[in-house]
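Engineer: Each chain, letter by letter, is given below.
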Amino acid sequence: MRGLRAWFWRLASLFGKERHEEELAQEMQAHLEMHIADNLRAGMSGQEARRQALLKLGGVEATKEIYRERRGLPVLETFLQDLRYATRTLRKNPGFTIIAVLTLALGIGANTAIFSMVNALLLHPYNFPDLDRLVLVWENRGIDEGVDARSIAPQDAADLVDGAPVFDALTTYRCGNFNLNAEGNVQPLLGCRVSANFFAVLGVNPAVGRVFSSAEEQPGNDQVAVVSYGFWQRRFGGDATLLGKAIQMNGKKYTVVGIMSRGFDYPVSVELWVPLALSPAEKVDRAKLSLVSLGRLKTGVSVAQARIAADSVALRLQQEYPATNANRRTEVLQLRKELYLYSLPLFLLLQAAAVLVLLLACANLANLLFARIFGRQKEIAVRTALGAGRWRLARLFVTETLLLSCIAGGVAIAASFWSVKILRTSIAPSWTMWVPGWDGIQVDRAVLVFTLLLVAAVGLLFGLASVLHSNHKHPYTTLKETGRSGMLGSTGRLRSALVVVQVMFALVLLVCAGLTAQGFLRLVDAYGGYQAANVLRTEIRLPEKSYADSSQLTSLYNRILRGSAALPGASAASVVTNSPASNVDNETTFFTIRGRSTVKATQAPSADLQISSPDYFSVLGIPLVAGRVYSSAHNADAARVAVISRSMAARYFPQSDELGQQIRLGASDSSEPWMTIVGVVEDVRQNWWNPISRPTIYEPFFQAPQRSMVFLMRVSSNPASYSSAVRDVVRGIDDQITLTGIGTLEREITDSIAIIRIMGVLMALFGCVALALSSVGVYGVLAESVARRIPEIGVRLALGAEPRDVMRLVFGQALKLTGIGLAIGVPVAFAMNRAMSSLIFGIVSINLLLLASFTVLLFGVALAAAYIPARRAMRVDPMVALRYE
Amino acid sequence: MAEKKDVWQGTLALMVLKTLDTLGPLHGYGIARRIEQTSGDLLAVNYGTLYPALLKLEQEGYIRSEWGVSDNNRKAKYYKLTRAGRKQLEREARDWEKTTSILARFLAPGEETS
Chain A
1 MRGLRAWFWR
11 LASLFGKERH
21 EEELAQEMQA
31 HLEMHIADNL
41 RAGMSGQEAR
51 RQALLKLGGV
61 EATKEIYRER
71 RGLPVLETFL
81 QDLRYATRTL
91 RKNPGFTIIA
101 VLTLALGIGA
111 NTAIFSMVNA
121 LLLHPYNFPD
131 LDRLVLVWEN
141 RGIDEGVDAR
151 SIAPQDAADL
161 VDGAPVFDAL
171 TTYRCGNFNL
181 NAEGNVQPLL
191 GCRVSANFFA
201 VLGVNPAVGR
211 VFSSAEEQPG
221 NDQVAVVSYG
231 FWQRRFGGDA
241 TLLGKAIQMN
251 GKKYTVVGIM
261 SRGFDYPVSV
271 ELWVPLALSP
281 AEKVDRAKLS
291 LVSLGRLKTG
301 VSVAQARIAA
311 DSVALRLQQE
321 YPATNANRRT
331 EVLQLRKELY
341 LYSLPLFLLL
351 QAAAVLVLLL
361 ACANLANLLF
371 ARIFGRQKEI
381 AVRTALGAGR
391 WRLARLFVTE
401 TLLLSCIAGG
411 VAIAASFWSV
421 KILRTSIAPS
431 WTMWVPGWDG
441 IQVDRAVLVF
451 TLLLVAAVGL
461 LFGLASVLHS
471 NHKHPYTTLK
481 ETGRSGMLGS
491 TGRLRSALVV
501 VQVMFALVLL
511 VCAGLTAQGF
521 LRLVDAYGGY
531 QAANVLRTEI
541 RLPEKSYADS
551 SQLTSLYNRI
561 LRGSAALPGA
571 SAASVVTNSP
581 ASNVDNETTF
591 FTIRGRSTVK
601 ATQAPSADLQ
611 ISSPDYFSVL
621 GIPLVAGRVY
631 SSAHNADAAR
641 VAVISRSMAA
651 RYFPQSDELG
661 QQIRLGASDS
671 SEPWMTIVGV
681 VEDVRQNWWN
691 PISRPTIYEP
701 FFQAPQRSMV
711 FLMRVSSNPA
721 SYSSAVRDVV
731 RGIDDQITLT
741 GIGTLEREIT
751 DSIAIIRIMG
761 VLMALFGCVA
771 LALSSVGVYG
781 VLAESVARRI
791 PEIGVRLALG
801 AEPRDVMRLV
811 FGQALKLTGI
821 GLAIGVPVAF
831 AMNRAMSSLI
841 FGIVSINLLL
851 LASFTVLLFG
861 VALAAAYIPA
871 RRAMRVDPMV
881 ALRYE
Chain B
1001 MAEKKDVWQG
1011 TLALMVLKTL
1021 DTLGPLHGYG
1031 IARRIEQTSG
1041 DLLAVNYGTL
1051 YPALLKLEQE
1061 GYIRSEWGVS
1071 DNNRKAKYYK
1081 LTRAGRKQLE
1091 REARDWEKTT
1101 SILARFLAPG
1111 EETS
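Chains A and B supply the protein sequences, listed in that same order.
The first sequence begins at 1 in the working numbering and counts up one residue at a time.
The second sequence begins at 1001 in the working numbering and counts up one residue at a time.
Among the hints, a few may not be true.
[To be verified] Straight-line C-alpha distance at most 30 Å; calculated BS3-like pairs for lysine-lysine:
no.: 1; chain 1: B; residue 1: K1056; chain 2: A; residue 2: K56
no.: 2; chain 1: A; residue 1: K56; chain 2: B; residue 2: K1075
no.: 3; chain 1: A; residue 1: K64; chain 2: B; residue 2: K1077
no.: 4; chain 1: B; residue 1: K1077; chain 2: A; residue 2: K56
no.: 5; chain 1: A; residue 1: K64; chain 2: B; residue 2: K1080
no.: 6; chain 1: A; residue 1: K64; chain 2: B; residue 2: K1056
no.: 7; chain 1: A; residue 1: K64; chain 2: B; residue 2: K1075
no.: 8; chain 1: A; residue 1: K64; chain 2: B; residue 2: K1018
no.: 9; chain 1: A; residue 1: K56; chain 2: B; residue 2: K1018
no.: 10; chain 1: B; residue 1: K1080; chain 2: A; residue 2: K56
[Stated by the list, open to error] Covered by chain A, according to a simulated footprint, are these stretches of chain B (three or more residues, beta-carbon under 8 Å):
no.: 11; stretch: 1040-1053
no.: 12; stretch: 1071-1077
Since the hints were made in silico from the structure, they are not lab data.
All C-beta atoms, glycine included, are put in the ideal place defined by N, C-alpha and C.
Build the full structure now, drawing on both the sequences and the hints.
Structural biologist: See the structure below:
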């Protein structure tokens, strides 16, 4: 208690210091005077009395110092003193301070911004309790079905729960489009049908109301809905009395029983959730992988254990139900990890680049600091000579660099609020809604802590580096030196090494930036297999329970296509199951070639299936390679035909005898009709993540009509302006049909690769920053070295050297430093390239021309940076220079 | 001049408290002189330790200080024992007596061996 009281007193005494000092002086003075008076009384002479008193009192200043230390908190006081001193020094050199702060702020800010993305997308994608126990469970049929095909058959999922006792619970769901009927018009909604335990497995509760009961999983009982916060706000204006009210969807009334809290958006940001009510026949189905399944692992069960347990069930099912389950395995993947597939390498690369930028900034700052320490050698020597300990000096330096990095961190954090917002809003919400955690990209506590740690690390690192750097000399040596002739050999070498490292980093960053940009351009090009310009695109959603049979569908789409193709300026209209750049994989199917025997049903070849109307090829301008495409004559009454893609022909008909051959969908035991191959078209790159186009079968829409289709229309110009016209055409046919995602195909393509573009832009930005930083570094070292060598240059000039030789001296040094940096950087860049191309789609291999041009660029930058110091060296007046000595 | 002993650390606080208890409010110089006189000039109070010790006692709340006027009309800082200080004095004095009596028993010749 007493100790605490004393501590507070000492803390309080940090304030009002002057008054305390004055009182202490007065007290000492009084003491002295009283002592003198006593001595006089004892009969001493005036002078002797004073002398004795002073002797007795001892060193007044020393006493005061001990007293001061007792009074305040010396550690804190020295810190404040150092801080004041550091502030003064920084303020005295505004140029240095501004450059140092900006450089560091750039480095720290880049890391803060990227880390805010990593934090939201990789570390906290979902806000569920015990996220690491949530796993996706799906069945693998042994064919490449793409990443979207992570689904499971209903009966298999049920068997899994019983057979593999590793799950606390397993929930299933499937998402799709709903049509909301309101005030006479139809609005498309995205919703999910979920098992009753869906919310419990995720561990979330509704903000208001309740979730589903298992009784509501029965068909007929399922007309209840839980709506999302966003939907509640947008559609119902946050109506507080929404619970219990009915909404009309797909021609049925659903009672709203719950509202989820804001931010809950699993599996994506959908508008509502309704119970998954499977019919008895659907429940026992094993053939169709129709559901997505999410399990919560029992506490203490590892993902590997769960995988083994789940797969053993799959192996048993293979034996028991060979007709449906042959070759089927079960996969288990942590929900968190699912996101890592694409995003991890992207963000790791970005974070690595950001760290590189910070290192570059640090190298620059180190250069600046060391230059300054060189200028302060004398000051340091004087301080040391006056008795400043090593530790005290170290504290002074660390305080200074910490102050610098704190200011820089402050600037970086302030800027990151703005830059993170730009990052978050730079991609269309229609795409980011599929990226869990995207809306969570913000400067939150984790990001701030990360930044503070970075600031502290940078500050301490530099402080200590400066200390080590400044302390290796005896003060006497420094004080003895006159003028500027003292050559700091080791300092010069260290600073040159820093420049070499900078040039190296700059090259690596530039190459990474170049590779990403190149990858991005290649992706844009990848969609060049067809003409995306002047194409309007929209998805057509039919109201449920209408157009039940295929003849109705055929006539509906016929009317839509004919009506829109007749619009002035429209040249052709078509529908297809999946348009390119949709970011959704095509449906994959087995197929059988007539006359070729396959050993087992499950070893049938597989291909992508696209169903399209005849004009699809002309709308997109997909070139015909052989034969012909199907026409409108190929309808339900005509013989079945198909068109295949060039890669399909190459893979399965290597003798180019594909025309006239017959194939049918499904494995060898299928009863689908045979289709005659009538043509081969060029490959189309479906999505950016598929480096090679997969074999594709095109089936005529009018022979295999589907309900929901993507509508594509080619017009002469300005496709976006046709939106309302197409809407009118469709509404004129049936006003219950909804069109979603209407816009140009070009826009769709741009949006679909937005994430890659952002990456490219960021990398390019980092590359430019790297270039700028390294050129400043080269300039700094050369300017410093020229300044130091002025006397030497003076002697050279006096002895008859030409200004040209002096210039060569400076440029030579610049070239040497850059050359060494590049010599180290090129192999590193190659290694970087290998790592990147194995991690990131679309990045192939380093372009030698690109590498060469970056090398030249860096040399150019170095020479430009050397120009000013070189000119200064050339203009050295020998007389002036020699007078320095 | 005979060698004077410095005051041991720790005992100075006790001496200060006792001095203030006996004489009432007193300034630093007075305290120092009193301690020296009481010791029969065998002790020398090092002022470099006296003032920090006074400050420490004040911070701990055992004494209070205020500015006053000395006998010969000089402004001086007077230190005064507080209630807590009086208690502390009693405690310390007891402790000290115990310690000295223990030590005395150790140093008394021949008692234990007989």
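Engineer: Does each hint fit the structure? Answer for all of them.
Structural biologist: Against the structure, the hints come out as follows:
1. Using a Cα cut-off of 30 Å, the hinted pair B:K1056 and A:K56 holds, with the two alpha carbons roughly 22 Å apart.
2. Annotation: proposed proximity of A:K56 to B:K1075 holds, straight-line Cα distance about 21 Å (limit 30 Å).
3. Using a Cα cut-off of 30 Å, the hinted pair A:K64 and B:K1077 holds, with the two alpha carbons roughly 16 Å apart.
4. With a C-alpha separation of about 19 Å, the suggested pair B:K1077 and A:K56 falls inside the 30 Å cut-off, and the hint holds.
5. For the hint linking A:K64 to B:K1080, the alpha-carbon distance of about 22 Å falls within 30 Å, and the restraint holds.
6. Between the alpha carbons of A:K64 and B:K1056 the distance comes to roughly 14 Å, so the proposed pair stays at or under 30 Å and holds.
7. This hinted pair checks out: A:K64 and B:K1075 have alpha carbons roughly 19 Å apart, not beyond 30 Å.
8. At roughly 25 Å between alpha-carbon atoms, A:K64 and B:K1018 fall within 30 Å of each other, so this suggested pair holds.
9. This hinted pair checks out: A:K56 and B:K1018 have alpha carbons roughly 23 Å apart, not beyond 30 Å.
10. The straight-line distance between the Cα atoms of B:K1080 and A:K56 is roughly 24 Å, inside the 30 Å bound, and the hint therefore holds.
11. A stretch counts as covered by a chain when three or more of its residues have a beta carbon under 8 Å from one of that chain; for the stretch 1040-1053 of chain B and chain A the count is 6, and the coverage holds.
12. Against chain A, the stretch 1071-1077 of chain B contributes 5 residues with a C-beta closer than 8 Å to a partner C-beta. That satisfies the three-residue criterion, and the hint holds.
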